[in-house]
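A.B. asks: First to last, the protein sequences are chains A and B. Residue numbering for the first sequence follows the UniProt record's numbering, starting at 1 and increasing by one per position. Residue numbering for the second sequence follows the UniProt record's numbering, starting at 1 and increasing by one per position.
Just so you know, these hints were derived from the structure itself, not from any lab. Virtual Cβ for every residue (Gly too), placed ideally from N, Cα, C. There's no promise every hint is true.
Said to hold, decoys possible - Here are some chain B residues pointing at chain A (derived, C-beta under 7 Å):
id	residue
1	156
2	159
3	293
4	379
5	383
6	384
7	387
Each chain is listed here by its residues.
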Amino acid sequence: MGYAKEQLLARLQELQIDFAQYEHPVVLTVEAQAKYVGHMKGALSKNLFLKDKKHRFYIVSALADMKVDLKVLSQRLGLGKGGLRMAPEEALGEILKVPLGCVTPFALVNDSARHVCLLLDQGFKSQECCFFHPLSNDMSVAINFRDLDKFLNSIGKTPAYVDLEANPPVGKDQPPDLAGLVPSDAVVLPDPSEKIASSQGLEKNHISVNNKPTATAAKAVKPSNASQKERSDSAVNLSSSFGDPEKLVEEILEKTTSIVLSEVKEENMEKYQEQLGTMVSNSIRKQLSLELKSILSMFKNTSYTEGFYAGTHRQPKRM
Amino acid sequence: MDKNSSDENQEQKEQVVNPWEVSAKGKIDYEKLIEKFGCQRLDPSIIDRVARLTGRPPHVFLRRGVFFAHRDFHEILDAYERGEKFYLYTGRGPSSEALHLGHLVPFMFTKYLQDAFKVPLVIQLTDDEKCMWKNLTVEESQRLARENAKDIIACGFDISKTFIFSDFDYVGGSFYKNMVKIAKCVTYNKVVGIFGFTGEDHIGKVSFPPVQAAPSFPSSFPHLFTGKDNLRCLIPCAIDQDPYFRMTRDVAPRLGYHKPALIESLFFPALQGETGKMSASDPNSAIYVTDSGKDIKNKINKYAFSGGQDSVENHRKYGANLEVDIPVKYLGFFLEDDAELEHIRTEYGAGRMLTGEVKKRLTEILTEMVERHRRARAAVTDEMVDAFMAVRPLPNMFD
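Looking at chain B on its own, in the form it has when it is part of the complex (with noise of 0.2 Å):
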């Protein structure tokens, strides 16, 4: 599954995927990286399947594509038939105070898996990670961690079933032995090709992959999931996380474990265009969860990437451009309703809708979006964070 690094470097004239850097000439193309990462598309009857099994509506992330790929999906939901639960892990690299729109996606579709499937959730805050990659200090990278956790808990995890772990806090014990139990599997040259190390990069770098490895697995949270060493793992995650999971894997059957399942989402486009992901470092390339209504309105007026024409008389006559048109796209992320959705790209595209009501509209949306979040954080106070990140039991976790 794993190409070699020389396959590597052709590809990368192409497009870039990787869990530090997203580029391409270009649109990114989803298919060729399914193809080459090896996952599995998401298919309209695994959506309808997961529906049945939650007896709700399936997240609006499922129905429009968002969360488009996945491996071994089918097993969890197979399982989950059979009355075997499963828990959820994901994360987040604490690089900066500021989280955009682009960072909720995943933490909200695993709420809603939280919700629809009832299962535990463990949050790894990879502050350690950003120390090492972004230079930050011990101290900085830990108290980023604790801020972006007030933003993770917004979103409205429940403290009764979430677990939320911060490296440099809980590295050791159980974890640590899994970590060490996942290193010998995995040689030098292997991490390597996986993640294009060069003898320039630094110790810390190479010896990081087990620490994100690790959570995959029950026995590293012996607080939670003693005597349930049986228990499967699903993984959200944007698709550029893969290679540290197929990295995982390939380790899991050696270690006498399931592998983890993922369900992976595509990149959440910059307002500029779809050209790469959204940069926490660009200001105007994103939509912050401190934007105020505003903000938002100056951002997506002036920065929106607009696929229609140039003058409104040529609108009308050919439509807009819905394949490069970001807010339309936007729209496809967080307007709930199918049917409006539907109407505005038929107009749209037509021609029959001018880009100042889609922009409108979508800055309505995200103006409530951001405001609810806005005081769902408000309400998360140091003591929650504190409660969120115990090491305490979880005994309703599968309630």
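Just chain A, same shape as in the assembly (with noise of 0.2 Å):
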């Protein structure tokens, strides 16, 4: 159907990302869940699955008593007063395989969600950790911001931090600031044969879940080194060993590709033209070039390594 809890969990525990889970009876709502692990150390979120006027959706992810104003993150967001509305309820399980009452960021992990915009609190940053479903609601992961960063760029996804009690006036002369993080295309609904696809295998979905274009002008104002790298490098987790050709090369590959998928996008293709190429082929260089470095140096230093040893240990050829 899409991802499973276990596979979500086992997943996290790959990139080595610091987690606590605790289980609980089925709970729909934060009041029934903060019975359970509202006494635990770690804040509780609200997550609110949204969808606007062009059928796009967004995951909106806030502390659990953070005052969300649709009107106004509507406004913020470009899509006039009215144009976010909360998702049905179809959508949820189409597009997010999540149940009633268990939106949560885990769920962009799908196929399926990979237009989906999610908006986080920017309160979750001075909470030492948060509560949220990992895709189903017999369970609350307690999870730092970092990690979750970590997560979210190892599918491919930048995470977006935003401050949600502010209320920033928007008009002719100030355009709406968070207009950027507004997915670029319309959501294609999956069709049947897609959703077989995806979930086979963990590998698999991580590639296909990077066939997306990140959509996020935001990173484009951001030094773009520092989230490209931020990604990079949680996705570096999956091979700890340096002495598997393939593992690396799948590492390199993942890399460009994520980069050239991330730059060939509607706005860059509009004002490149022709010379997209050679601004993409720029991307790549400036942004991988000192990583690509150190992984092959240490390709080249393990490789040696094993060679030597082998070659101390020798025996002599027996006569």
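Put the two chains together into one complex, using the hints given.
C.D. replies: Right under this line is the structure:
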């Protein structure tokens, strides 16, 4: 159907992400969840699954007591005053692949959710950890925002933190401050064959999840080095061995393709036209040179060491 | 060039810089230091020359003046242009397991030099020195040497061009012969003058300087440089190591060797401010390579000395004092993008950017660096350390 809770937890462990998990009876609301984990270390989150008039979807994940004003958010996203509504129930299952009451940033691991825009409450950053459902309502996972970022980066999403209390004026001279986060494509609901493909094994899903343009113009404002490196750094944790050419090639290809895919988007195509290729190449060089040199140095040193060890432990030829 | 003891004592009221102590009232005056030591400033024309000769942009530490002084670097470059190579020599005194960013600075720069000039490198771990000065047991200092070797290797040195050795392991043979030759050229009075030894210091200390001097001569490494007695040596180090090498340079011509060239760096300022160098004994004075992202954020936010004003209004009015602001200084070391650094300095100096933003950016950069280092370190096995430290030929060391 989609990612299972166990697969997600296994993935978190693989990425060496710190988290705590708590099982409890199925809960459908934050109040109910609070009964079981409210006393634990960690802030509860409330997660809204929203949709705009152009059938684009958003997850707003905020501290439980944060007041989220949909009208304000809608304006800040450039959708006008009444542009955001709660998404219909069917969309939960079709796009996020989670049951009712289980909206969670982790749902983005599903390929079907690749165009969903995730807005995270800036307030998460000052919490030691926050609670989210790991794709099912019978468990809550406590995780620090940095580790959540690590996870999001590993699935090719750039975390977007927003001050949900802010209400900046939007007008002719003040463009909507969150407009850059709006997904550039309309969502295409996945057809059944894609659904099967997306649940086949971690590696494959990992690759297909990256096949989406990450349309965050906000990224262009930040020095792109940091956000790209952040993403590639966490994906890097997947291969801890430097002696395996296959794994390293996979890692390198993944980093490169993720840059290509994030740079080849409508606004860049318009801006650069035939020069798009050059621009993407330069981007790749700038962002990956250091990283690739580092990986290959480690590979060389590892190989040499293996040879050295073998050489020094060589048995003399038996006559 | 060397002042005698009484002059040194007068200077000591102002600032003290030697291999075992670095302190000053207020900021370290590097101009005075260059003058007192008698080394040269690295000027922009040399940096351009390096870029031309190596065919790549100069390292960020050169561009920002972190490595700011030298002795005879011109000659190394002249020889290089003629097709004569050289080898690099740097080292570490393994006194603690915890390495901080200040420790990594010379290694990061040395790696750049190795890659840019394509030359071999020897790294000396002075476990004997720490055993003597810090009163560690022999075993403990050897253990620390191996642990530190892992962090050094994690900086990315090329194993086919790098030889790491610890004094306890390697001293002997040709190395020891050079030590004795060097020792014969330096009188007791001289070492007292240079290093400030007293009658109470044990003889181990007094006889240590030749150990740190010997790697400057290629014949100390017969398995690497046989037949290359003419090979020059370039030593990247922090400026407090200058005394050792002034002594070595004095001795070299008498033994028929080239004087080793030096390229020297500033001290990495402590988090709390520019009055000295980072100390491994005060955990909040530095960012360690074992710090988590959380630790880094905490340390920067809590302990990094800010040049910002005490209130937002004052800050917007007067701007930040870039001279004493630590986060901006750290960015100077580690933010590669010149344009971005300039932007931050301008905005922060004018008061348009707040301290929090600068600290946030710094935290980002340092966290990324530390994580990359950790990953690399995790890949270093004991076998790899053994391989780096094995006395073996390096046939491709100039490739």
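A.B. asks: Hints first: check each against the structure and report whether it holds.
C.D. replies: Right, here's what the structure says about each hint:
Interface hint at residue 156 of chain B: satisfied, since its Cβ lies 5 Å from the closest Cβ of chain A, which is below the 7 Å cut-off. For residue 159 of chain B, the interface hint holds, the least distance from its beta-carbon to any beta-carbon of chain A being 5 Å, beneath 7 Å. Here the hint on residue 293 of chain B is kept, as its CB sits about 5 Å from the closest CB of chain A, short of 7 Å. This hint holds: residue 379 of chain B has a C-beta 5 Å from the nearest C-beta of chain A, less than the 7 Å allowed.
Against a cut-off of 7 Å between C-beta atoms, the interface hint on residue 383 of chain B holds, since the closest Cβ of chain A lies about 5 Å away. The beta carbon of residue 384 of chain B comes within 4 Å of a beta carbon in chain A, closer than 7 Å, and the hint placing it at the interface holds. Because the beta carbon of residue 387 of chain B sits about 4 Å from the nearest beta carbon in chain A, less than 7 Å, this interface hint is met.
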